[in-house]
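All chains should be modelled from the sequences, with the hints used to inform the complete structure.
Each chain is listed here by its residues.
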Amino acid sequence: MTHLIIFLFFGALCLAGAVNLLVQRHPINSALSLVVVMGSLAVEYLLLGAEFVAAVQVIVYAGAVMVLFVFVIMLLNAGEEVRTKGSRVAMLFGIPGMLVGSALVGWVLIERTGSQTVAAGALPGAPRTIGWLLFHNFLLPFEVTSILVLIAIMGAVVLASHPDTDSGKKKS
Amino acid sequence: MQERGRDDLTSVGGPVLSAVEGTRALLRNNALNITTFIIVSLIKTVLALFVLLTAVAYTVWLERKVVGHMQNRWGPTRVGPFGLLQPLADGVKFLFKEDLTPPHVYKPLYIAAPMIAVIFALTSIAVIPVGNSITLGSLHIPLQITDVNIGLLIILGVTSLGVYGVALAGWSSNSKYSLLGGLRASAQMISYEISLGLSLVGVLMLTGSFSLRDIVDTQGGTFWGFIPRWNIFYGGQFIAFFIYLISAYAETNRIPFDLPEAETELVAGYHTEYSAMKFAMFFMAEYANMITVAAVASLLFLGGWHGPVVGPPILRALLPVFWFVLRIFGFLFVYIWVRGTLPRFRYDQLMAFGWKFLLPLAIANLLVTALVVALRA
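Heads up: the protein sequence lines correspond to chains D and X, in order.
Heads up: the first sequence begins at 1 in this note's numbering, then just goes up one per residue.
Heads up: the second sequence begins at 1001 in this note's numbering, then just goes up one per residue.
Bear in mind the hints are in silico, worked out from the structure with no lab data behind them.
Be a bit skeptical, because a hint or two may be false.
[Said to hold, decoys possible] Far from chain D, some chain X residues (derived; all Cβ distances over 10 Å): (1) 1102; (2) 1107; (3) 1136; (4) 1154; (5) 1307; (6) 1346; (7) 1360.
[As the list claims (entries may be wrong)] Quick look at which bits of chain X chain D covers, simulated, 3 or more residues with Cβ under 8 Å: (8) 1160-1166; (9) 1173-1184.
The C-beta atom is built at its ideal place from N, Cα and C for all residues, glycine as well.
Structure follows, in structure tokens:
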């Protein structure tokens, strides 16, 4: 019972944050709504017994990625967005596409699991289990992802450095 | 229904549930009812917060006194003996000062920012154990508000959220000094969080647990006859210890890493536009964070509350707490000592030091520790 209440509360909070993210006109408010979404997701992970994933969700997403978002918004001093009526393409294709997509996902979920539910805390989520899975069963995907991230980092370094101005001695 | 509940509990891994399970075990062992448990928890929480806030106030006093003596001054002397009542006077002053709200600030975040800072700074105390446990009659009370099996991760998570307070304060004040302070704070805290996290992984590998209580328990006893089995000695984590200490100074925005509030260039940095209690909240958050950092360093590297224990049972229960507090006090003193000694980094030096020196060193330490752990196993 307690689990259900906690689940419903944070599920609702998560959805409210997501809606607020879209409704807010100021980028900072939107970013903070996203932090709320991440935080409530972390609590839902905790309820499932995935404590490590929950902690990483908070440390990495809420504590680092979103801080960088806020940092960039602050740096650019982005002001309020102007509300437009939205493009016709988005209205024509976006909404039906979203409906079809969510229906598809829902259908697959129901097909695959039927009326089964996962008991709270039933999933293996201890750090030891996660580490074992990552470095045994999913070693190749894990390493491929690391290389992907490495490429992204190198790309960022190349884009950010200015070889023609930085190469010699520093100016000034 | 009863059966189902039992099943749920046997397959648990989550801290919420392990807390529930722990609570039930506690209740079973002590034949207690839930009311007693809630009352005990409430008392522990209130007591911990009271002690923490008092400690925060007196750390400020300690800092003024110690820095004063280092600079050949007396520090506070007027209010009470040795100026001991100065924190009270300061508190009253903060309460009665005019609470200014400058024009053109973004009000919701301007008001929320100090609260965010202080809430996250005070939250970490919930998982920090301060000693073994005390027995009152039939009641067996662990000296910790709650023991979760990912305690360390929770502390890291909560501290990583604390940066929002500083960043949002800087942005919402709508002042160039505040904005620069906020920007510096977020960049600095993200950069140093990486080496801070990596410096802790060595200890985690040696212990194999995220629970702070487990980490302390493995550090009991001595080796080679007399050297305590603390992680800094036995695990060879002294490099990690210094990486942690340096990164923690940067995380708490203290000299020599106090660029977010560098008063010579930014007036007061991110809290330039704050006054009265809102300013005091940033102050409290900074000192509470210092205490958390000192507590984590003691628990992870210096054996937590281990130390010589003698005497009657009540003394045996309370002496570990004393040893733990003594370590925290030592760390706070070093904090103040460093503040009285070192000049501030330049911004490029700060970034270069963090990324080009501390981070590679932390990674190297991690690799060596992993090798040692693998060879020992």
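Hint-by-hint comparison with the structure:
| no. | hint | result |
| --- | --- | --- |
| 1 | 1102 | holds (17 Å) |
| 2 | 1107 | holds (12 Å) |
| 3 | 1136 | holds (28 Å) |
| 4 | 1154 | violated (7 Å) |
| 5 | 1307 | holds (30 Å) |
| 6 | 1346 | holds (14 Å) |
| 7 | 1360 | holds (15 Å) |
| 8 | 1160-1166 | holds (count 4) |
| 9 | 1173-1184 | holds (count 3) |
Violated hint: 4 only; the structure is consistent with all others.
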